[in-house]
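Chemist: Top to bottom, those sequences are chains C and B.
If you read the first sequence in numbering that gives the first Met the number 0, its first letter stands for residue 0, the second for the next number, and so on.
If you read the second sequence in numbering that gives the first Met the number 0, its first letter stands for residue 0, the second for the next number, and so on.
Since the hints were derived computationally from the structure, they do not count as laboratory data.
Check before you lean on any hint, since a few could be wrong.
Remember, identical chains collapse to one label, so a pair may be satisfied in a single copy or spanning two.
Unchecked claim - In the EDC-like style, the derived pairs of lysine to aspartate or glutamate whose C-alpha atoms are separated by at most 16 Å in a straight line are:
(1) Lys50 to Glu182
(2) Lys4 to Glu255
(3) Lys313 to Glu144
(4) Lys280 to Glu255
Just so you know, these numbers come straight off a predicted model, no measurement behind them.
Okay, here's what each chain looks like letter by letter:
There are 2 protein chains.
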Amino acid sequence: MQISKRIQGMGEPALLKYYPLVSKAEARGTKVYYLNIGQPDITTPPSFMEKVNAMKNDVLAYAEPEGETALRQEAVKYYSKYGFDYGVDDMLITNGGSEALLFTFLTICNPGDEIVTPEPLYSIYKEMASACSVGLRGIMTYTEEGFALPDKKAIEAVITPATKAILITNPGNPTGKVYTKEEIERLRDIALAHNLYIITDEVYREFIYDGLSYTSPGHYPELAENCIIIDSISKRYSACGARIGFILSKNHSFMEQVRKLCQMRLAVSSVDQLGAAELFKLDTGFFDDVLKEYTHRRDIVYDCLKNIDGVIFKKPTGAFYYVVKLPVLNACDFIEWMITDFEYQGATVLLSPANDFYIHPEDGVDEVRLAYVLKDSDMKQAMEVLGRGLAEYRSRFPEKSR
Amino acid sequence: MQISKRIQGMGEPALLKYYPLVSKAEARGTKVYYLNIGQPDITTPPSFMEKVNAMKNDVLAYAEPEGETALRQEAVKYYSKYGFDYGVDDMLITNGGSEALLFTFLTICNPGDEIVTPEPLYSIYKEMASACSVGLRGIMTYTEEGFALPDKKAIEAVITPATKAILITNPGNPTGKVYTKEEIERLRDIALAHNLYIITDEVYREFIYDGLSYTSPGHYPELAENCIIIDSISKRYSACGARIGFILSKNHSFMEQVRKLCQMRLAVSSVDQLGAAELFKLDTGFFDDVLKEYTHRRDIVYDCLKNIDGVIFKKPTGAFYYVVKLPVLNACDFIEWMITDFEYQGATVLLSPANDFYIHPEDGVDEVRLAYVLKDSDMKQAMEVLGRGLAEYRSRFPEKSR
Chain C
0 MQISKRIQGM
10 GEPALLKYYP
20 LVSKAEARGT
30 KVYYLNIGQP
40 DITTPPSFME
50 KVNAMKNDVL
60 AYAEPEGETA
70 LRQEAVKYYS
80 KYGFDYGVDD
90 MLITNGGSEA
100 LLFTFLTICN
110 PGDEIVTPEP
120 LYSIYKEMAS
130 ACSVGLRGIM
140 TYTEEGFALP
150 DKKAIEAVIT
160 PATKAILITN
170 PGNPTGKVYT
180 KEEIERLRDI
190 ALAHNLYIIT
200 DEVYREFIYD
210 GLSYTSPGHY
220 PELAENCIII
230 DSISKRYSAC
240 GARIGFILSK
250 NHSFMEQVRK
260 LCQMRLAVSS
270 VDQLGAAELF
280 KLDTGFFDDV
290 LKEYTHRRDI
300 VYDCLKNIDG
310 VIFKKPTGAF
320 YYVVKLPVLN
330 ACDFIEWMIT
340 DFEYQGATVL
350 LSPANDFYIH
360 PEDGVDEVRL
370 AYVLKDSDMK
380 QAMEVLGRGL
390 AEYRSRFPEK
400 SR
Chain B
0 MQISKRIQGM
10 GEPALLKYYP
20 LVSKAEARGT
30 KVYYLNIGQP
40 DITTPPSFME
50 KVNAMKNDVL
60 AYAEPEGETA
70 LRQEAVKYYS
80 KYGFDYGVDD
90 MLITNGGSEA
100 LLFTFLTICN
110 PGDEIVTPEP
120 LYSIYKEMAS
130 ACSVGLRGIM
140 TYTEEGFALP
150 DKKAIEAVIT
160 PATKAILITN
170 PGNPTGKVYT
180 KEEIERLRDI
190 ALAHNLYIIT
200 DEVYREFIYD
210 GLSYTSPGHY
220 PELAENCIII
230 DSISKRYSAC
240 GARIGFILSK
250 NHSFMEQVRK
260 LCQMRLAVSS
270 VDQLGAAELF
280 KLDTGFFDDV
290 LKEYTHRRDI
300 VYDCLKNIDG
310 VIFKKPTGAF
320 YYVVKLPVLN
330 ACDFIEWMIT
340 DFEYQGATVL
350 LSPANDFYIH
360 PEDGVDEVRL
370 AYVLKDSDMK
380 QAMEVLGRGL
390 AEYRSRFPEK
400 SR
């Protein structure tokens, strides 16, 4: 029986292969610190479930294909606080940010078209592109440079006649990079010159540190036809289990076409939409507390990494990840060894291999992604374990180290 | 800015164009009976929300990409009651039956491949196929014949080298047709001879009348590699607003590939999965009551249709729809006239134009789909209005009537 090329071409998350090993480590009694996943541990605001629990409908009926008006109305107010003027008709509710991306790729690309995106990239973009028979072309950025975008010429060198969009994640996963106003304007100029969409995935919008200001392509009226914002409540409100995403755009013909995909899949969860509308009513004080906590965690990791020999990194300014270049030849080998052969004070750590975040798996082989999603004391202990593990690996395997 | 051909090729539900007219009718004070949609009015079993309300998680975290094990375990028990032996690993939970279909189309078809399906068909299959760059080829079936499948030769005539699957809806939407054991075995023989998948959409499994027995391609061990069941709780438990669908198959390599799409979109709503698991615990007595109610409604419609001049139809044996051939040249014109120009005792009815349920819109131009989703007295009144409307239309517009 045939399996399509587009799905055969999709990868599986690199992480999955470690889980059987992690289970064994845990069965041996080793405590495993999960620094590999972006599942926040912050309590979901209780107003979500309070609203759901107060629901009195006898029949759990289909929601509107475009998303419930009540939710979109609350979202309009939220976006206005961030300098956007998206109205109810400029947004569609999707089954998570993932469906927002999938529908966008399907709508703007014919099979064989291309999307240009900085690397390292959110790994799922690769699978999404494959599922849509779309090619991805990378704009390489580097840990040493804090993942700054290269100049206009270097970006334009990647654009071909098949290119239909530039895709960014801002703040970045896995990079933690927050694009400057100047970088966004560089992309704006390129998008306008080459008639490209800019897809801007802003699910970490609130996770910006050091008082840095936030610039979105959605802030530029001249990009009204080009800009497509992808959004989600998952990280923002620690509500990953509620599948509520957004597509926002002022390009009406694009939105009319995406609406057909929304009609095709009928609706998004009524209960999740009901709860999500309450989350958008929270005042920004909620984010202040979350941000303080994550800033603290980021700084713990920074202070610990500074004391580890041979690692290369910059302090990230957004999201909740570091990409760290390790003094080893193969990060996958090191990650696996940590789980199977190492523990310190009864504990070890699980990291993400960063080559999963590059288009070509030979890139980033000596890098890992580290998510700072643990509370204070756990975060410190995990970093201690990582430092000790790295020292022991290098002393045991000098041939595999730098 | 480019819009892809695949999405440009998608249609919009024919129904949408009537809603502005319906709003006007309602504003005039006309009562509109909605016979156009498949939104059941049966109360959603309260155990769904009871379980949701009892949830105590602090963090609304991602569910497993394959679907929560607790839900799949309950589903295994449900399927065993219907003669299936699908285990937890033979099923994936999806965002409604729609995502199940989308993922299946993407996984088994390359762009340009084809799927063969009886017509009239569930109209969304057309949009789904377009989104996946897949061609649909119809096997024509007829109201007059109760939508019986043609013989083997006629079906095989539609198969080309590009055909990858036969897709059926059983019981059928819009046809109300329940395939006989003999018909299912005819399809089985064809699928085996031509190495095709059989995708069987069984979301109306419980809606089978007159004590008819139910046969699924999933009951045949020889179809283990071919058979893919699409399912959903929407109609079964009157829970359309909870987006819970299923893909079931014993074809392990197919399931492994679909799993990648599940990982790509991360998860299905945690809250909806929690509630859905409770629904699968309901005993079959729940369906007995529902079935009694729908049988009654079906019979009301039947008795009324018998007394309307010139309509052609058979009593359906499944789902909750009739396809009725009207004694008019253009059903769309009649539907619109009913909304804009007709009322009887202050009421009118909204029907679905059936040409939306054919691949070529010139087919079924004199047919409508009628959903019997209203309670007893409303159903009777709606049918009275329809009969009166049809008589008046024919007398006023003999040139548009037969």
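Chemist: Could you run down the list of hints and mark each one as holding or not?
Modeler: Going down the list of hints, with the structure as the test:
{"no.": "1", "hint": "Lys50 to Glu182", "in the structure": "neither (41 Å within a copy, 49 Å between copies)"}
{"no.": "2", "hint": "Lys4 to Glu255", "in the structure": "between (29 Å within a copy, 14 Å between copies)"}
{"no.": "3", "hint": "Lys313 to Glu144", "in the structure": "within (8 Å within a copy, 72 Å between copies)"}
{"no.": "4", "hint": "Lys280 to Glu255", "in the structure": "neither (28 Å within a copy, 41 Å between copies)"}
This entry does not satisfy hints 1 and 4, going by the numbered hints stated previously.
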